[in-house]
Structures are given as structure tokens and as C-alpha cells.
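Visitor: Chain residues, written in single-letter form:
Number of protein chains: 2
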Amino acid sequence: MISERALRWRRHDPFLVKAHFACARDTFDAIGNPGGYVNFGTAENQMLFDRVAPLLRRHTEIREPDAHYNELHGARAFREAIARFLSRRAGRTLSPDGITVATGASGILEMLSFALCDPGDAILAPAPYYSGFDHDLGLRAGTALWPVSLASPGFTLSVDAIAHATDEARTRGLGVRALLINSPQNPLGQVYGTSLLREIFAYAAREHIHVIADEIYAESLLPGVTHATALADENAEVSVVYGFAKDFGLSGFKVGIHYSDNSDLVKVMQDTAYFHAVSMQTQRTLTGLLEDPELPAFLDTMRARLSGRYVATADALSESGIPHLRVEGGIVMWLDLRHFLTAPSFECERALYEAIFSSCRVSISPGQAFHCPEPGWFRLCFTMPQAAHSEGLRRLTDRFSGCR
Amino acid sequence: MISERALRWRRHDPFLVKAHFACARDTFDAIGNPGGYVNFGTAENQMLFDRVAPLLRRHTEIREPDAHYNELHGARAFREAIARFLSRRAGRTLSPDGITVATGASGILEMLSFALCDPGDAILAPAPYYSGFDHDLGLRAGTALWPVSLASPGFTLSVDAIAHATDEARTRGLGVRALLINSPQNPLGQVYGTSLLREIFAYAAREHIHVIADEIYAESLLPGVTHATALADENAEVSVVYGFAKDFGLSGFKVGIHYSDNSDLVKVMQDTAYFHAVSMQTQRTLTGLLEDPELPAFLDTMRARLSGRYVATADALSESGIPHLRVEGGIVMWLDLRHFLTAPSFECERALYEAIFSSCRVSISPGQAFHCPEPGWFRLCFTMPQAAHSEGLRRLTDRFSGCR
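These protein sequence lines are chains P and W, in that order. Following this note's numbering, the numbering of the first sequence begins with 1 at its first residue and continues without gaps. Following this note's numbering, the numbering of the second sequence begins with 405 at its first residue and continues without gaps.
In short, the hints are calculated from the structure, not lab data. Take these hints with a grain of salt, some might be off.
Which chain W residues face chain P? A few, computed with CB under 10 Å, are given here [said to hold, decoys possible]:
{"hint": "1", "residue": "I435"}
{"hint": "2", "residue": "G511"}
{"hint": "3", "residue": "D525"}
{"hint": "4", "residue": "T598"}
Listing some non-contacts, in silico: residues in chain W with all C-beta distances to chain P over 10 Å [stated by the list, open to error]:
{"hint": "5", "residue": "A457"}
{"hint": "6", "residue": "T575"}
{"hint": "7", "residue": "F657"}
Note that the structure is a prediction, hence the values are computed from the model and not measured. A virtual CB, placed ideally from N, CA and C, is assigned to each residue, including glycine.
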């Protein structure tokens, strides 16, 4: 009774999802379950609830208009609050008419894949990249991601690398419809600067490629880092993806945002948002959050905690001889475990992952889950609750100290 | 930059949506806007908020687990509460494993269209039917609805009519993958009985057709009416669609439910729910609502008000010489305005609609928006707030009294 297309995309659970639920069934708790798993694998900021909860609790009233139909791409008041919030970041006034609200950044990405690509078209993505992208853009919408492979140890993005990947994909007969960039970058922790962004837009315009700028970690910046947001450029052919999962620690609320100045694309996004509409109850609460006078203080606290935790984690890893890239933004670190592999292969990387998972009962994510072109790199999310973070770090550093 | 497929489904706004927002911009209010539109066109029960709100307000706590990732096809606790609630209706124990939660019944229907049909396949639907079905199943998933045309004045569904439509569709080369039934039926107000349901399942099994039973109005029953739910039959190849929009008056919460005993289908639905996940905040609140000891009293009040309003409306229409079908369930009535048409054509039906809209400033929905095979029938939602309902009914009966 299942359609041919559904049989094609009946998926194996994505790696990160499987690891997440394996940890969730037997989670470390200092008192209740001291031998449980520490999950450094799921990218969530779990250091925010005590500060975000009071801002949410002020805005939980149940009002009659919220019980009834509203615009399904987001209520006007919510889109206005989002537009004001994003305008401050953009440095220009964004219209609420360019905004589409839908169920999570994953929903937004799937909608974009339908809107921009036909089945068999490709979207370029600098690799390593967040592996959920394959799922979000490909599962049902049928678009393939084509990696722009970046070289270790810096994994620096350049327009040359993008152009090379475009040529490769076109040689294989694929239509290259979009380039998906992500800044702050997951898993690398890089933040793109203005000049790189400008070069990317110029290249994309020449090649008629739409740029999808996933800026889901836009507020999660380390001290002194300036994020060049794609929202700033009113002439670029770009979609900006944002949401509440990361900077606000509200993954469970499943609220994603799309902004573009391309009104044809916005129309398609707002039409399909019909199937991905967000509960008015949650729209009401998040409107209140965005307009709460304490929002700036919340974001400052978020960044202060992020920075403190990052420095402590980086120091502990360095002291134990675990190299890692410098983080400019986001909540994950990219660890260089190449010299702990028994051989430089993805099989050995997987074996190391399994060994850490079973003997340390710690989940960190292997680079192969991110299409990393070279084996031996791992992603660690450093924003777990304090007790779990300390315990996991102790287990990891103990293990790797023993290796040397 | 837009894909071919998106260009194909860039839609005109569906008729009912357009009429809804036309009314929303200039809505009747007894004090503030006595000349505004009365919207009998949107199918919402607006007689419930005072009773449902207290049950929601008891369950609005913001808790830490709800901020984080959970199962994206619905949290376990929510699916358990739904399973208990639906089990009472089914008369058998339903497993939470068979349940998928997603953004509204529209989201569920779109997911089903992807899961059951390939582009160009057809789903049968007894007509007149809710016109949103064309949009939900067709817009992005590309499935066509094939009407099972029913004859006035009773519009009685039979397996013969279904078989006739199946043959017609197959003669045109369409694969008939599913039959979409709706009981209580919108717009007719019929409730299907056990024997009809049994005959439908037997026919569908013989023809390898999946039955989609949209039971979104399942609790909205008039006195003495028994609803034969498709949940009751554990051997049927059936999907049951439910949600909180109608029986609870919570369209703005956008929560739809799918239940099936077909585990292959459930797997596909739960996979794609990833893109249609409901905010944990709203899942928490609705879990509380379903488990609240006052829920049965709320449903009794809902039915008592529904019945009182229906009787008053039916009496007023009858006294003014406006014929209408007897309602067994749901919140809409099917009016027979055939003898008010200047000629028996859909153009004249449309002209009558426009005249009522502009001169009475009342929106009722013409049968052509429901694929009604005969012109002159209109749908009226009778569960508007009291003041608007009285005003709209006065305007309508005044107009038609003047016609005779």
C-alpha cells in the first residue's frame, strides 16, 4: 500500500538521531545514573533553561484569537517581532512580508528544497557539514547534496573550492540550483567574514545559484567575533534560515524562520508553510520572548556562558593532548583525533567511535557523519549541563591520556 | 530560481481561504463594527473557548524537557494520552505506537498523499467534499482527487457509487490508491453507520484500496446519533485522521493525528513527521487537556451547545423557507438554495454567492467549492459566536424572505 516514492525514501535512522536516542535511554545523572551515557553528540545548548524559562513563563497566556485560524505562514504579530529582531542583526529594516515561519529549520530546509530544486537537482554544501542536511533536503524532496570538500587541518572555504565542486557536479549532469552555507559553521565552529560572503554572492550571481545561508547559530558568538550575516545584503539572491533551537536552547519548540527578498520564492514558501504551521500558542510565547525587555540580557548571559564553557573545555582538551580547531561561534568543537586512529581510514574512525561509546560511555560524532573528506575528526558539543559535561570530559581525557 | 514543480503548484488561494481572510479584515462586531461581515464560511466551532480555556490554562507550565529534542512524531506521553482517548471511542485498545502527531490534519493528509500515492495516482472522495482536500493532497504531493458524485437531494453514499467512480478513474488510466471518506461528513452533516462502513472496507479490500477515514468531527454528534468509527475495525486497511481543530475548537494549535494498524505505513508517517513536528509546549498542554478529569464534562457541554444551536438555526431557516439537510454531526449545514437561483447553473450559484456576500455582508460557501455535482447548494457553519450568528441569520432570512 506504500507508494514507490515512499519506498525509495524509507530511511535508516540518520546516524546522529540514532546516537541521540541510544543516549536518551540511559543518560548520565550524577546521582541517579552515574554510569549512564554522556551525550556530546546532540547539538543542543543545555546551559540556558534557567534563564530562558522566566522569559517564556511571562508569555504563556491562553487567548481566544490563538485558538482560531490565523495566517499559516506565521501570525502578523510574530513575524513583526521577528523582523524587528532580525533587522537589528541585519543593520537594515527587514519586512515581515519576507518572513515565513514553519516547523523548525528542518521544515524550512525541506520547503526550500521543494521550492528551488526538481528531483535530481543538486545543492552544494561545504564539507564537513551537518549530516541532517542530506536528510532534510533529500529524504522526501529528492534533492542531492554535493559536497564542496575542504582540506584539513584548516578546512577553509574559498570560492575556488565552490567553483571546482560546481564544475564537478555539472560534469555529472546535475543541475546546481543552490549553495548551502552555514555560519557559524557546524561542525567546524568557523564564522564567515564580510569579504568571503561578498565573493560567494558574486560567484553565485554569475552562476545563477541561489545561496541558502543557514545562520541557526547567529547569536552564539565567541568574544571578539563578528558574524557577517547574509541578511545584510539586500541585493543578494539569498535565503536566510534561522530558528529558536540553538541560540535560545528551544529545540523542542520546533520553530524555524525563512527570510528572503525574492518575493517569488517567499510566495512559494508561504504557500507550503500551510503544511508546516506552528501552534499559535507557541507563536504567542515566542513573540513575548522576542519583545521582552530582558532579551538582550539573556543573549549576553548566553554568550558569557558559552565563552566560559568553551575556554574551560578547550584548555582541558589541550592539556590532555587532544588537538582541536579554534571555535568562533556555535556550540560544537571539531576535535583532531587523527593520531589516535590505528590507521587513516573511515573504518578505523568508526571503530574509535564505537570504542569511545562502549568503553567510556561517551557519544562524540565521527567526521564521516559530516561527509568529512579525511578520517579522524570528531565533533563534540560543549554545551551540555555542567555535571554531565565535566564527567564526559573526564572520561574522554582519561582515555586519551592513557593512549599516549 | 523557482523549481519546475513549484511553478506547477503556485496556487491561487483556495476559495474558502480567500473568503475567510476577506471576512477577517472587516469582521462583524455588535458594538465596534455592526456592519462588518458575518463569516458562516469558515468551519470553526467558536462556542467553546470559555470552556476549553480553563482546561488549557491548568497545563501551561514550561518544563525543561520540553525545551529539548523529543520524538518528532509526538512525545511518548502525548501519544499515550491520545491512545487512551481514542481507545474509548474505538472500543478496543489502541497502541501509542500506531499514532503519528503532526501539524494539523492538513499536514497529516499531505503526508498520507506522499506515503500512499505516486504523482498522477488518484484518491476517490465522495462529493460534495471539503475543498481543502484538493489542496492538501494535491498541491505539493501531486495526487488528484477523483469525485464519487452523489445525487441530490439526499447525497447518499453507496458502494455502488464508489465502484462506479473507481471504474471511471481506472478507465482514464489513473491508479486508484485510496478512498477518502469523512464522517461526520463536511459539508453534508451525515454520519456513516456500521453497515455502510463494513461494506466500504470489504469493497476496498477486494480492490486493494486504502481507506482514509477523516473523523475530525468525531465527537461533534447531535443527540441520539452513533458514529461508527473506522478505529473500531482492527482488520481494515485504514488510516484514521483526527485532530484538535474542530471538537475542541483549537484550529490555531495545528495538531493533527494519524492512526493506523499498518506498521509499514506508520513507519513512513513517523519518518516524515520529522518535517511537521508539533511544539513540545503545545504537546504538553494538550496532554494535560486529554487527561484532565473535566474533559468528559467539556465534551458533554460542547455537544449540548451544538445541539441547542443546531435546533435554533434549523428552525429559523425552516421558518424562512430555506430548506436544508438534517445534520447528524459536525458544525455545518447544507442549505438547498436551488429555487433561489435565476437558472440552474454554477454561474448563477456564484452570482448568488457574490450577491449575498456584497449585499448581506454574509459569507456562506457555494457548493462549487465542494465539487457538488448540482448547483444551488451552500454550506453554512452554525457555530459562530452568538451575536454574529444571530446577526448573520437575521440578514440571511431577511434576504430570502424578500425573495419569495
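Visitor: Double-check T598/W for me: the hint is only fine if its C-beta lies closer than 10 Å to a C-beta in chain P.
Guide: 24 Å, violated
Visitor: Once the closest CB in chain P is found, is it more than 10 Å from A457/W?
Guide: 5 Å, violated
Visitor: Please verify that hint: I435/W, Cβ, nearest Cβ of chain P, below 10 Å or not.
Guide: 16 Å, violated
Visitor: Should the label of F657/W as a non-interface residue stand, given a Cβ cut-off of 10 Å to chain P?
Guide: 5 Å, violated
Visitor: Check the non-interface label on T575/W: least C-beta distance to chain P beyond 10 Å or not.
Guide: Given a closest Cβ separation of 22 Å, the condition holds.
Visitor: Tell me if G511/W is really an interface residue toward chain P, meaning its C-beta lies closer than 10 Å to one of theirs.
Guide: Since the shortest Cβ distance to chain P is 5 Å, the answer is holds.
Visitor: Classify the hint on D525/W as holds or violated, based on whether any CB of chain P lies nearer than 10 Å to its CB.
Guide: 7 Å, holds
In the structure shown, a violation is registered for the earlier hints numbered 1, 4, 5 and 7, in ascending order.
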